[in-house]
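Just so you know, the protein sequences line up as chains D and S, in that order.
For the first sequence, the numbering used here begins at 1 and goes up steadily by one.
For the second sequence, the numbering used here begins at 1 and goes up steadily by one.
It is possible that part of the hints are untrue.
[What the hints assert, rightly or not] List of simulated lysine-lysine pairs, DSSO-like, C-alpha gap at most 30 angstroms:
1) D:232 with D:295
2) D:232 with D:279
3) D:232 with S:31
4) D:204 with S:91
5) D:232 with S:55
6) D:295 with D:186
7) S:91 with S:103
8) S:103 with D:279
9) D:176 with D:186
10) S:103 with D:232
11) S:103 with D:353
12) D:353 with S:42
13) S:55 with D:204
14) S:55 with D:279
15) D:353 with S:91
[Said to hold, decoys possible] So the derived list for chain D, only partly shown, Cβ under 7 angstroms to chain S, looks like this:
16) 71
17) 72
18) 142
19) 144
20) 177
21) 208
22) 281
23) 283
24) 355
[Unchecked claim] Far from chain D, by Cβ distances over 10 angstroms, these chain S residues were calculated:
25) 7
26) 25
27) 29
28) 38
29) 59
30) 73
No lab work stands behind these hints, which were simulated from the structure alone.
All residues carry an ideal CB built from backbone N, CA and C; glycine is no exception.
Letter by letter, the chains look like this.
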Amino acid sequence: MKSMSEYCTRNGDGSTLYQNKEQMMQDIRDGTADAADMAGVRELNANEIDHLFEIISSKRRVVGVERGREVVLSYDVGQLDMAGDNGNSGGGIASSRLNGALVHERTLCADTFELAHTDYSIKPVKPVIANEMNDMENIQNNLTIPYFYGAMPNMGLYYAPDGPYGNPADLMREFKIEEAQQEAEKSAVHLARDIEYVSTRVYKAGADGFNFDTTASAGDADFVGTLHGVEKLRAQCPNAYILLGMAGENVMGIHGEIEYDGQVVAGLFPQEQVVLAEKAGADVFGPVANTNTGKSLAWNLARAVTFVRGCADVSNLPLHVNMGMGVGGIPMAETPPLDAVTRCSTAMVEIAKVDGI
Amino acid sequence: MSIAHFVASGMGGIRAAGDLVARMEFDQRMKIDEAKDYVAKKLGVTAFDLSDECKLREVREEQGLGVITGVPGTPRGIAAKMNIEDLLGIKINCCENFRNYAKR
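Assemble the whole structure, with the sequences as input and the hints as a guide.
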């Protein structure tokens with residue numbers, strides 16, 4: 001235990017850190033300035049900084065929102081957080097997908113939930129689509145909360161050696177820039193086609209909708225392919241609930257020039273990403289801010305709240321901010337500490353004004 | 001992770017009214033305050049009440065909306081969702097399928 005003038009907090013990797021008030025306040029100011037400078041959004045004002053300090057510096061183990069300000073929770077990886085291995089932060093509990101869904105509804109107080117393939121990606125669902133439709137039908141008969149199908153677009157699976165298209169990273173190393181761009185464009189078309197195949201079928205089986213998780217993990221072409229896939233789902237299933245969540249605060253420009261609706265998507269930040277998500281047909285958008293393990297919780301949370309608040313200021317859609325391991329200010333750890341998670345959760349609701357998590 | 005977020009900021013799903021508010025966010029693109037006001041009005045409670053387990057436990061059972069504990073003889077799953085459709089004035093995809101399968 002350190003002196004009473006110091007606060008027990010966390011590093012970005014989850015380890016314990018002691019800071020005095022001046023250090024914590026400086027990290028909050030630096031974090032918000034970093035996000036504002038990167039994304040072109042406003043920094044947190046003095047009242048918001050004081051509020052954030054109050055949340056982070058609380059001596060309590062658990063911090064929560066004021067009563068009446070609770071929000072909706074949505075989920076990624078579905079039942080894999082019970083049945084999966086540690087790659088999905090799963091507990092390795094042998095259980096059916098129906099049991100996983102019911103436990104989340106009736107024990108873990110989930111507002112929504114989803115069905116997920118073990119690989120949690122669009123591409124491997126195709127060969128087992130009938131199995132997924134069967135389970136969707138069965139589980140929908142038993143569950144009361146909204147129940148999605150969830151998967152990552154994960155366009156990296158379409159590149160060599162796993163997929164049919166040339167790998168842009170390899171091609172660029174050989175200075176074949178145009179060829180790398182063409183392979184990414186072909187992959188994006190294929191991804192959109194696969195999204196249409198999978199998402200419309202699980203909707204026909206009774207899904208309330210689809211959760212596109214970790215969108216743009218393979219960069220700007222992944223984002224464009226996903227947006228076109230969302231368009232196709234919306235056109236065929238106008239009443240589907242569509243949640244589109246991102247992989248990072250900034251769309252990586254691996255292609256560099258690919259466009260959606262006349263807009264180059266490389267380098268877009270959350271307040272710009274949400275505009276395209278709405279155009280494509282999403283109902284709810286999931287902004288992301290990645291955690292820097294070398295910085296404190298105060299720095300990371302201030303930075304994340306600034307990105308997301310900037311998005312909330314312009315968004316017409318409800319926002320469900322991504323708040324898993326290593327995003328939304330939460331430390332990058334397989335077992336993120338309760339004290340850190342509850343502080344991040346509270347700050348996103350009370351300062352960033354999100355509609356859900 | 002699920003527990004930490006529920007404790008800090010969650011509405012509690014069918015323990016309270018989180019599932020109903022979620023449906024309005026997704027079905028009508030309502031933001032959280034608008035969705036809460038809409039659901040509260042339909043349930044005959046205040047928006048503040050929507051995360052109150054004590055209040056909503058009775059309301060959900062009375063209106064057949066599904067409750068979190070195992071109460072024999074009360075609607076759950078597809079039956080509860082059909083009651084939720086009527087309450088919120090929306091159509092739920094799997095309920096439409098169920099009616100089609102049953103030829104009702």
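Against the structure, the hints come out as follows:
no., hint, verdict
1, D:232 with D:295, "41 angstroms, violated"
2, D:232 with D:279, "12 angstroms, holds"
3, D:232 with S:31, "25 angstroms, holds"
4, D:204 with S:91, "14 angstroms, holds"
5, D:232 with S:55, "42 angstroms, violated"
6, D:295 with D:186, "39 angstroms, violated"
7, S:91 with S:103, "17 angstroms, holds"
8, S:103 with D:279, "37 angstroms, violated"
9, D:176 with D:186, "16 angstroms, holds"
10, S:103 with D:232, "29 angstroms, holds"
11, S:103 with D:353, "45 angstroms, violated"
12, D:353 with S:42, "24 angstroms, holds"
13, S:55 with D:204, "36 angstroms, violated"
14, S:55 with D:279, "39 angstroms, violated"
15, D:353 with S:91, "29 angstroms, holds"
16, 71, "5 angstroms, holds"
17, 72, "4 angstroms, holds"
18, 142, "4 angstroms, holds"
19, 144, "4 angstroms, holds"
20, 177, "40 angstroms, violated"
21, 208, "6 angstroms, holds"
22, 281, "11 angstroms, violated"
23, 283, "5 angstroms, holds"
24, 355, "4 angstroms, holds"
25, 7, "6 angstroms, violated"
26, 25, "5 angstroms, violated"
27, 29, "5 angstroms, violated"
28, 38, "13 angstroms, holds"
29, 59, "14 angstroms, holds"
30, 73, "16 angstroms, holds"
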